[in-house]
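A.B. asks: Residues per chain, in single letters:
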Amino acid sequence: MSTIDDKATEVPEDAAGESAETVPPEQEKEEVAEKKEINKGLVIFVFIAAFVASLIVGWILFPMVLYTQENQPIDFNHALHLEEVENSCESCHFFREDGSYAGVPKLAQCVDCHDEVMGDDPDELAFVENYVQKNIEVPWLIYSQQSDCVFFSHAAHVKAAKMDCVSCHGDIGESTSLKVYEKNIITGISRDIWGKNIGGIKLHSWDRMKMNDCAKCHKEETGNQGACFQCHK
Amino acid sequence: MKIDRRDFLSLGIGAAAGIGAGTALSPLPWKLIDDSSIWSQNWPWTPVPPDGAVSFKNSVCTLCPGGCGITVRKVEDRCIKIEGTKGNIVNNGGICILGLSGLQLLYGPTRVKAPMKKDGGRWKEISWDSAIDEIVKRLKNIRKEGKPESVACVSGTDQGTVAQLIGRFLTAYGSPNYIRTSSIADSYEIALKKLHGQFSSIGFDFENSDFVLSFGSGVADGWGSPVRMFKANSKWKDSKDKALYQIESRLSNTAAKADKWIAIIPGTEAILAMGIANVIIQKSLYKKKLIEKYSKGFNNFKALVLKEYSPEKVSKITGVKKSEIIAIAKKFAGASRPVAICGSGQGRTPGSIFEFMAVHALNALIGSVNNIGGVFSVPEPDYIKWTEAEKDDVAAKGIKTDRIDGAGKKYPDTRYLINRLIDSINSTGDSPVELLFVNGANPCYTMPDTENVIKAFKKIPYIVSFSSYFDETTEMADIILPNHTNLERLEDIPLAAGLIKPVVGLSMPVVEPECNTRHIGDVFIQMAKLMDGNIKASFPWNNYEECLKKTLGDKWDKLARDGYWVDENSRASRGIFDFTPLVKNNRNLVKPEGKSKLTLIPYDSMRLTVGYIGDPPFAMKTVEDTILKGNDVFVEINPKTAADYNLSEGDKARLTTSKGKAKVRVHLYDGIRPGIVAMPRGLGHTEFDEYLAGKGENFNKLIGPVEDPVSGLDAAWGIQAEITKT
Amino acid sequence: MKVDTKQKKFGMAIDLDKCTGCGSCMVACMSENNVPFKKDETNKLDSITWIKVYKVTNDKKYPDTDLCYIPRPCMHCDGQHGHAPCVSVCPAVATDNDKSTGVVSQIYTRCFGCRYCMAACPYHARYFNWWDPVWPEGMEKYLSPNVSPRMRGVVEKCSFCFHRYQLAMDKAYVEGRRELREDEYQTSCTQACPAGAITFGDLNNPKHTVHKMVQPDNKHHGKPKNPKAFRLLERLGTNAKVYYLSDRKWVRKLGDNQTPNEESSKKH
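Protein chains in written order, with the working numbering: chain S, 3 to 235; chain Y, 5 to 730; chain X, 3 to 270.
Incorrect hints may appear among the rest.
As a list, the in silico EDC-like pairs of lysine to aspartate or glutamate whose alpha-carbon atoms are at most 20 Å apart [to be verified]: (1) S/LYS235 x X/GLU236; (2) Y/LYS244 x X/ASP19; (3) Y/LYS562 x Y/GLU550; (4) X/LYS255 x X/ASP134; (5) S/LYS136 x Y/ASP81; (6) Y/LYS78 x S/GLU223; (7) X/LYS214 x Y/ASP242; (8) Y/LYS61 x X/ASP100; (9) Y/LYS462 x Y/ASP434; (10) X/LYS46 x Y/ASP81; (11) X/LYS101 x S/GLU223; (12) Y/LYS246 x Y/GLU211; (13) X/LYS255 x X/GLU236; (14) Y/LYS667 x Y/GLU711; (15) S/LYS218 x X/ASP100; (16) X/LYS57 x Y/ASP263; (17) Y/LYS533 x Y/GLU518; (18) Y/LYS117 x X/GLU139; (19) Y/LYS239 x X/ASP19; (20) X/LYS230 x X/ASP258; (21) Y/LYS117 x Y/ASP397; (22) X/LYS63 x Y/ASP263; (23) Y/LYS148 x Y/GLU518; (24) S/LYS108 x Y/GLU80; (25) S/LYS221 x X/GLU186; (26) S/LYS204 x Y/ASP39; (27) X/LYS173 x S/ASP100; (28) X/LYS173 x Y/ASP137; (29) X/LYS40 x Y/ASP629; (30) X/LYS63 x Y/ASP674; (31) Y/LYS197 x Y/ASP39; (32) Y/LYS325 x Y/ASP386; (33) S/LYS212 x Y/GLU550; (34) Y/LYS122 x Y/ASP482; (35) Y/LYS90 x X/ASP185; (36) S/LYS108 x Y/ASP55; (37) S/LYS198 x Y/ASP38; (38) S/LYS235 x X/GLU142; (39) Y/LYS325 x X/ASP66; (40) Y/LYS264 x X/GLU139.
Hints were generated in silico from the structure; no laboratory data involved.
Everything numeric in this text was worked out from a predicted model, so none of it was measured.
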């Protein structure tokens with residue numbers, strides 16, 4: 003047992019370090035120095051280890067825990083459909099006459115073509131058998147679904163501001179397979195709103211759709227970030 | 005190497021610092037803060053209404069007799085909102101509080117969700133087949149016993165195909181006892197029959213009137229077709245030359261909207277009308293040529309009016325100043341398109357026929373009968389042209405028996421006497437009614453002397469309710485065959501609320517039936533088919549829709565497209581105006597029962613529905629806290645009278661009449677005649693949901709029917725009451 | 003991108019001589035905006051009614067008594083410098099005054115329920131959710147997707163049915179327009195009023211009926227030039243966008259909330 007330790011027990015805790023350094027017994031100085039060295043190294047090591055571990059937890063493990071992965075009911079091939087339709091995205095994702103946006107198509111639209119199985123794709127077969135024939139709506143998981151307090155006007159962006167779909171939705175139109183839907187276990191909201199990058203690093207305009215992203219673009223494009231009710235309900 | 009305490013601390017701090025720094029530089033804390041705030045802003049139990057394609061469906065509202073066009077906004081298959089239909093002949097976009105709350109009835113907890121049978125005092129769900137079988141079995145037995153006339157029906161209306169189908173069923177079955185609940189429609193009908201010699205409904209050309217003299221009619225409180233009346237009232241306001249005078253003992257919303265409020269002693273309205281007639285005749289302000297050409301018995305009327313109704317005398321009885329009576333008469337006779345109307349409050353209870361005739365005589369005197377801006381006698385819409393129901397011997401015999409309510413006998417011009425139905429059940433040992441159908445009516449709440457009504461209903465061996473909601477009468481029933489609600493059902497709606505042409509509206513299903521309900525028309529067709537013989541033969545239709553389409557014929561397309569059809573060919577009956585019945589029934593007035601000093605009167609408000617449907621939660625929410633506070637209802641009383649009874653604002657008191665007692669609270673109101681206590685109608689429900697039941701007191705518990713000597717209908721407008729502070 | 007810079011100032015004129023106090027506006031509003039209800043709504047302090055119809059009397063004895071109903075939505079105040087009383091006190095920026103429409107917003111998810119705004123509002127137009135809303139089973143079916151249902155602990159108020167403006171604009175955009183016709187954006191209460199007592203429109207647009215009715219004087223913070231028109235508590239300088247009209251002097255005086263003797267004291 004070292005005396006330092008004994009001494010330390012004798013002095014009040016907050017003064018322990020100080021007294022140990024101000025009046026160290028001669029013969030123990032070296033030992034202390036050596037010990038300090040070890041300590042310092044160890045502390046730095048522990049610091050770095052903890053630091054790295056936390057980074058790993060924060061950057062890698064945390065998102066794995068935070069999001070559950072859900073597969074879409076049918077693996078939809080956007081690229082394939084885009085070739086077939088005449089009016090690009092708007093063929094299926096269209097505006098209704100009243101100006102509202104239909105969003106993800108309903109079964110009724112799909113049935114226009116998929117009344118019966120057209121090809122030999124197993125996903126199409128499953129779609130027709132499980133949904134078309136049973137007349138059940140496909141429970142699509144919507145990547146870009148905002149929470150209920152958000153009012154988003156597609157008409158204002160697409161029709162009035164003439165923006166293209168890619169600006170916000172990325173190149174989903176060219177995908178041949180649907181990516182996994184990731185749902186936030188706390189909020190229940192799609193990962194696409196925060197962005198795939200857990201650090202919020204944004205490389206493309208469509209990478210993240212938080213309020214600040216909306217406000218930033220509004221500020222750049224219209225000169226002001228807009229009033230609350232412009233996007234909230 | 006040993007790890008001592010100091011090391012441990014250092015390492016701990018190091019680790020903590022590492023974790024701290026690492027975590028701070030990782031997205032974890034920031035993302036968690038963000039997520040938890042989103043989480044706390046969107047609790048999972050806060051509903052998120054699903055979005056979808058919006059559509060609009062038109063129909064006609066049947067929650068009151070007003071007949072407004074409604075447009076229901078839907079998101080996918082959900083109804084979101086009810087709005088008034090723009091361009092509709094009745095309401096042109098406007099809508100009342102009850103119509104607006106319709107979705108709370110559709111999706112609400114008061115619905116009867118499936119056929120129900122009372123089993124040991126509790127409701128038990130049964131299948132449609134067994135429910136109908138049970139009723140048919142009973143009907144067959146009653147018929148076998150040779151008492152078909154003991155089957156009766158109480159209904160809110162006798163017009164339209166549904167009412168006619170039920171009536172037809174009763175006729176073929178052998179019962180004359182189809183009974184309509186009463187309202188001022190009865191009083192006007194009888195007054196017109198007496199004065200013009202033929203049955204017709206009353207119509208008012210308010211949109212073109214320039215002076216409206218209202219004897220207590222709540223034109224801004226829900227009288228007639230409420231939305232139409234509000235619109236007319238606004239039209240009068242838009243023009244400086246148009247005016248509304250309100251004769252009423254209480255400053256109602258209508259009186260407040262009126263250009264003049266004449267605070268009369270209640271129950272003396274007819275006397276005032278006669279007094280006004282006196283001035284008009286005395287000063288020769290009436291249309292002499294018209295009277296000479298188109299009337300009978302004018303001289304007797306003139307003599308009577310001049311002798312008995314001088315402004316001095318009338319002033320003493322009515323409490324209206326002599327100068328005021330003269331001024332009203334001059335204003336009325338001097339207007340170019342005046343009209344006089346009556347039927348107090350919303351007109352839900354019939355009135356004194358003498359009063360209706362006296363008021364109508366004013367219209368006749370100044371030429372406002374069947375004239376622009378005046379009153380019209382409107383024939384009932386005549387579009388149901390079925391062959392007569394087939395009758396076998398049992399039916400032929402049964403149909404000739406006397407009506408249980410005695411209508412048409414002592415009072416030949418009265419077609420239905422529901423108040424007498426209650427008496428005839430209660431006055432005999434066994435109920436003369438073996439089986440009762442109830443449709444679109446809630447007599448156990450809406451009829452005076454509620455306790456007596458409930459007693460009668462308890463005596464009826466078997467009651468079949470077709471109500472969509474658990475109302476007071478349905479609770480008395482033995483079996484419920486729930487009808488679709490107004491938003492789920494197809495039905496023609498003849499509009500009876502004072503339009504000048506016969507109009508038929510079409511109520512269209514705007515949504516798939518929410519519960520296991522069935523259209524009442526289909527139920528009667530189905531029952532007829534199970535009854536065999538002449539009854540089956542009288543119902544050649546497979547279902548109600550087929551029946552309605554065949555009945556409407558070429559009108560169907562117009563109705564389906566516009567929602568209503570106007571019988572443009574109908575002409576007001578241009579009969580002679582006969583003053584004789586008015587003279588003959590001089591002063592046949594209805595006096596309030598009792599001997600107390602105070603008079604209790606009811607008042608109607610748009611925010612408290614008084615019909616067979618109870619106030620939905622939204623409407624209840626609008627009721628002021630000077631009308632209802634907690635479960636206490638407030639009665640209005642003049643501060644002067646309150647002082648006499650040592651009552652101050654908010655005091656709890658007991659209100660006693662010869663019919664019953666009620667716990668109330670007192671609201672001091674300057675806008676009411678001293679000596680009067682006014683109580684709102686529409687509260688004190690015992691059924692429906694927790695948002696309505698048990699709140700306040702039912703006015704009908706405190707008043708009893710008083711028969712009008714001319715029509716036999718209940719014409720009680722108030723009752724003597726005692727109030728004591730508790 | 004071209005931005006529409008023409009500023010709107012949506013406002014309302016309510017003809018108190020036509021209003022019958024029927025309550026349609028209140029229910030039309032509740033139904034449009036997913037306003038909840040509870041078993042007992044007779045304590046009006048916690049009863050949420052975005053538009054509330056007040057009943058006032060002239061305080062005269064029988065039979066000279068007169069009464070008037072005053073429907074009170076949110077006044078959407080502009081204040082003297084574009085600040086509504088409620089907006090300037092909100093520590094959460096949960097409410098703002100939209101300069102392009104004049105509508106004062108309320109963002110429920112941003113509100114944390116301090117209720118400063120309620121204290122600041124001279125019209126009692128703001129309501130606090132003391133409880134989570136509960137709809138009887140099945141009744142949540144009628145909830146509209148256009149307005150978020152609120153949760154416990156937040157303040158809510160009349161929005162001039164702003165979602166209707168949004169939806170009308172969507173329609174206009176799809177049809178290639180950027181301006182709305184007067185009738186395209188109307189609040190639910192305006193639309194429902196059976197007496198036609200409520201007029202809604204752009205106070206900045208001389209063609210709109212509401213402008214013609216009140217003749218707002220924008221040089222003097224929107225004071226009405228029509229002598230029949232007035233605003234509630236005008237002298238507080240809230241610069242409200244809701245105007246009232248009445249032929250009755252006592253109503254106009256009461257609306258401005260003059261203290262007794264105020265008129266006479268001014269003369270001295």
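A.B. asks: Does each hint hold? Answer for all of them.
C.D. replies: Hint check:
no. : hint                : verdict
1   : S/LYS235 x X/GLU236 : 30 Å, violated
2   : Y/LYS244 x X/ASP19  : 13 Å, holds
3   : Y/LYS562 x Y/GLU550 : 17 Å, holds
4   : X/LYS255 x X/ASP134 : 39 Å, violated
5   : S/LYS136 x Y/ASP81  : 19 Å, holds
6   : Y/LYS78 x S/GLU223  : 36 Å, violated
7   : X/LYS214 x Y/ASP242 : 15 Å, holds
8   : Y/LYS61 x X/ASP100  : 34 Å, violated
9   : Y/LYS462 x Y/ASP434 : 11 Å, holds
10  : X/LYS46 x Y/ASP81   : 35 Å, violated
11  : X/LYS101 x S/GLU223 : 17 Å, holds
12  : Y/LYS246 x Y/GLU211 : 11 Å, holds
13  : X/LYS255 x X/GLU236 : 11 Å, holds
14  : Y/LYS667 x Y/GLU711 : 27 Å, violated
15  : S/LYS218 x X/ASP100 : 18 Å, holds
16  : X/LYS57 x Y/ASP263  : 19 Å, holds
17  : Y/LYS533 x Y/GLU518 : 27 Å, violated
18  : Y/LYS117 x X/GLU139 : 13 Å, holds
19  : Y/LYS239 x X/ASP19  : 11 Å, holds
20  : X/LYS230 x X/ASP258 : 12 Å, holds
21  : Y/LYS117 x Y/ASP397 : 39 Å, violated
22  : X/LYS63 x Y/ASP263  : 18 Å, holds
23  : Y/LYS148 x Y/GLU518 : 38 Å, violated
24  : S/LYS108 x Y/GLU80  : 11 Å, holds
25  : S/LYS221 x X/GLU186 : 28 Å, violated
26  : S/LYS204 x Y/ASP39  : 19 Å, holds
27  : X/LYS173 x S/ASP100 : 5 Å, holds
28  : X/LYS173 x Y/ASP137 : 54 Å, violated
29  : X/LYS40 x Y/ASP629  : 15 Å, holds
30  : X/LYS63 x Y/ASP674  : 5 Å, holds
31  : Y/LYS197 x Y/ASP39  : 75 Å, violated
32  : Y/LYS325 x Y/ASP386 : 46 Å, violated
33  : S/LYS212 x Y/GLU550 : 57 Å, violated
34  : Y/LYS122 x Y/ASP482 : 5 Å, holds
35  : Y/LYS90 x X/ASP185  : 12 Å, holds
36  : S/LYS108 x Y/ASP55  : 12 Å, holds
37  : S/LYS198 x Y/ASP38  : 15 Å, holds
38  : S/LYS235 x X/GLU142 : 18 Å, holds
39  : Y/LYS325 x X/ASP66  : 14 Å, holds
40  : Y/LYS264 x X/GLU139 : 48 Å, violated
Violated hints for the displayed structure, listed by number in ascending order: 1, 4, 6, 8, 10, 14, 17, 21, 23, 25, 28, 31, 32, 33 and 40.
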